[in-house]
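The listed protein sequences derive, respectively, from chains Y and L. First residue of the first sequence? That's 1 in our numbering, and the numbers climb one at a time after it. First residue of the second sequence? That's 1001 in our numbering, and the numbers climb one at a time after it.
Just so you know, these hints were derived from the structure itself, not from any lab. Warning: the hint list may mix true and false statements.
[As the list claims (entries may be wrong)] Cross-link-like lysine-lysine pairs, in silico, BS3-like; alpha carbons within 30 Å at most:
1. K1015/L to K25/Y
2. K82/Y to K1079/L
3. K62/Y to K1008/L
[Claimed, not checked] Label-pair distances were calculated between CB atoms; the ranges are:
4. T74/Y to K1182/L: 33 to 43 Å
5. K75/Y to S1156/L: 37 to 47 Å
6. Q21/Y to K1182/L: 44 to 54 Å
7. K75/Y to K1182/L: 32 to 42 Å
8. I103/Y to D1005/L: 12 to 22 Å
9. H55/Y to S1384/L: 55 to 65 Å
[To be verified] The following residues of chain L were derived to be distant from chain Y, with all beta-carbon distances above 10 Å:
10. D1157
11. G1191
12. R1334
Here a beta-carbon is modelled for each residue, glycine too, at the ideal position from N, C-alpha and C.
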Amino acid sequence: MVQFKIIRCDVLGEWAIVELQGELKSRYNNGINGNLIGDLHFSKTGEPIMIIGHHVLYGQVKKLEKPFAVMKKTKKDEENTKFDIQAIIKTKLIFSSRPKPIILQVPT
Amino acid sequence: MDPMDDVKSRLTAAKLPVDSILRPSQLIRFDTENNDELILIQLDKTTLDAVEAGQELIIRGMENDTSVLCTADETYDLKETKTSNSLILLNDSQLDKDNLSTYPAGADRVEAVGRNAVCLKSSYLELKRIVPDTSRLRELVSQSPYKGPTSEEDYSDAKLYSLLDLLDMIPASHQEIVTSLKELGACFIDGYWRTLDFEYVVECMCIILRVVDSESWSCDDLNFVDLVQKVNDSGELVPFNIVDHLIAVYGTREGDRCSFIMTKLSRFFAEMLLQSADSFDFNEFIEVWGSTMPSGMSADEENLAGLALIDKTAKPPTIKRFSAKELPQDTEKRFHILFNAREKWTMKEISPYLEDLCLQGQKISSILTRYARSSLTGGEKVYSSRKTS
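So here's chain L without its partners, still in its complex pose (with noise of 0.2 Å):
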């Protein structure tokens, strides 16, 4: 029996003339060959415009059995989910109406082609853009923090990471972890990346600022390469590298042309004299604050978001370290210590301390919303914790 007479013989069971369809039908068999081995994963536009470019994309498993999938330049987190569905992969399919024909009126017999069924599946991996967990990068490149190049004996037996070690270590794209080690204030030395001693940078940064004022230059438009040589003229030395690296952190740098960034700068002058005491007096620490700075920096109370807690109930009012960079990454965590420093923040006080769990485009509001409370205190909304106890 000709295979089309089953065609239209269960066409014609199912009450449908052939003039009422388009033509050719499509036959679905499944492939003679097993092919259960494949894989879906579900893809948002990111992706796809990645994979279809034929960029490579990694997954990343950890020891804790979860995974990640990176691009260039973002992270997600993988999951398999579960249908009860059945999805059937054709591998060649007609399934858009204008590239059909119609029947002539009154048509009598069916024309067919088959397709290949390659497999069913009945689960896809997912995608969820998440922020990658890059705790354990502070870790590794402040392990061994840089003193200057007399004290580099110290670390002879250290290990020390270049950027590969880290790509194999962190779940987190290259991007991502190259923006990191930025934020971290991460220092690339002889192919490692590391961190500063802040000590090391205060004395360095000494010498810079002496030498800039000694040569009765502006902070906001230096020479780079004279700036590198009087600093190591004087005797004292600054590697050239490291001289970069600072003003890369507390600058800007275009070719020869340099200069300090005058918020960066003053909060480089704030952290170093909040090292020095676990509290402070705040009227003090303004004024010495002030007196510390090259002329012509003031002492801004707005400079110091994410870098201390000011207490202005207090009589008098104090101010103390608390740093933003030095916070847990979990999101849990986070919100712990946030809320044992103090027991209600305003939205501009927080916000510092919040930032890096953002995704691009994610609001904090949606992040308080989640793991805080919030309240009317004085007619200001402020936001504290959810746990009672």
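Only chain Y is shown next, with the shape it has when bound in the complex (with noise of 0.2 Å):
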């Protein structure tokens, strides 16, 4: 039987998610590092608002039921393979309406 430890961080980071339907796909095909994403606004009333691309996505916040925690393996050496717990999620955005297309108007 194989064993692995976790253990949280001395230090906990709260970090969030944005849920989005489907998959992303990167403009120019070159992968995802390092490329935008989107806008996040927010409106007045709290409402999370996501430019990506051509679309106007209208989302939620919500707490999660289930919170995550997100882990990272490190290997000390051979045998002491362990995770160590980075951040725990407890709130998402998620954007799960049909994004709205921008039309972009030419100024006459």
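The two chains are supplied separately, each in an independent frame; assemble them into the complex guided by the hints.
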């Protein structure tokens, strides 16, 4: 039986999740690292709005019933593989309604 | 071009006036580094509390490729769950409108900050609390049942197991293993956990009870130190730790005061008698059981729950040994054995044989609904096998 220990880091971050339906595709097909995803705005009533590519998405802030922990495997040496919990996620922004396309108006 | 102009123009294109949103806006960009090796694990309240308190969780991976996660006292099944959604992890963000401010009316310039998206995930580990599989535990601690100090030479080559050994082999939490050891009646002898051979238990119990009787002591009010002394003075040795163990199994102890618990003692006698033959005439059994026990104890059928099968439909009624402790942990297999032993069971009859399969808060009725078929017989609800053959 293999055993791995999981323990929190001294400093436990509080992270968040932005949940989008489907897959994100990079515009220039150059992978995701370093690329802008989109702009996150909040309406005055606290509703999150994202502008991604040519779409506007309206979402909700949701407190997670079951929070997530974010863990990373660390290997001290051959034997001591363990996982460090870097952060806990208790809230997410979920965008599940149909994105509205942005139609660019050409100035006349 | 000022990047803020980009944000502004995107806002304008989306027909969102600057003063209709809060500030600052947050521009989300993926980290330049690849952080794909991060793993998301979904927690429940217990595991979250444990993590936040700095307690260690342990993942135990078995040969059959399944894994469990253990806190100090609970075990969870671990499963990778995929989602068709994209989960973007932000390590720094502001999601609370109360921490954002408004723009003055007619504002024209956007304020924005950059936010880091650490990585994107489309799967996570899901936890489900389970009753751990401790069946191997029973096997291991019963490999070399203790028969007393004089029989130990028989075991000179035997493999014995310490708690640490067991923790390495059983996919369960520390506390659940300790609790199971107690339920198995295993004894801690010289650093190892072992069951006691039942004949040896009978021998020791008889010695102890004989002493209690000859000293005219009361089973429910004993002095532990005196007891151990008298038991060993009589020439028949029952080691201190064995007396201690037997008092813990069949009674209770606080400091020097200890006592036997009548129901447990009564069950011990029943168990002892049931070992001696395959089946008995029920009424004869009740008589013999009553007369074997110290005076003041009665032969109460209620105390046989989980120990024996009583068939009152037979002529004459019979009773035979059927121990809950010897049944398999696998639910399907257990029900197979139960329905083979008896076709129809009432809730009262079957409960002692299913109790250990329930998680705290789970009801036996939910297991029955899933694995058995219910019907009415003579006005009473009974459970039988779902299988027709």
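Range hint compliance [Cβ, I103/Y to D1005/L, 12 to 22 Å]: The hinted range 12 to 22 Å holds for I103/Y and D1005/L, with Cβ atoms some 20 Å apart.
Per the stated criterion, does the least C-beta distance between D1157/L and chain Y lie above 10 Å, as a non-interface residue requires? D1157/L is indeed farther than 10 Å from all Cβ atoms of chain Y, at 24 Å.
Consistency of beta-carbon spacing, K1182/L to K75/Y, with hint 32 to 42 Å: 37 Å, holds
Is the nearest CB of chain Y more than 10 Å from the CB of R1334/L? Per Cβ check, R1334/L is outside 10 Å of chain Y; nearest 24 Å; holds.
Does the Cβ distance between H55/Y and S1384/L fall inside 55 to 65 Å? 59 Å, holds
Would the pair K82/Y and K1079/L pass a check requiring their Cα atoms to be no farther apart than 30 Å? Cα-Cα ~18 Å, so holds.
Given the hint of 33 to 43 Å, is the C-beta distance from T74/Y to K1182/L inside that range or not? Given about 36 Å between the Cβ atoms, the range holds.
G1191/L: least C-beta distance to chain Y exceeds 10 Å? G1191/L clear of chain Y: closest Cβ-Cβ about 21 Å, beyond 10 Å.
Between K62/Y and K1008/L, does the CA-CA distance stay at or below 30 Å? At roughly 27 Å apart (the allowed maximum being 30 Å), K1008/L and K62/Y satisfy the hint.
How does the Cβ-Cβ distance of Q21/Y and K1182/L compare with 44 to 54 Å: does it lie in that range? For K1182/L against Q21/Y, whose Cβ atoms are near 50 Å apart, the range 44 to 54 Å holds.
Holds or violated: the 37 to 47 Å window for the beta-carbon distance between K75/Y and S1156/L? For S1156/L against K75/Y, whose Cβ atoms are near 41 Å apart, the range 37 to 47 Å holds.
For the pair supplied as a hint, K1015/L and K25/Y, confirm whether the alpha-carbon distance does not exceed 30 Å. Holds, at about 24 Å.
Figure legend: structure checked against the earlier numbered hints; every hint is met.
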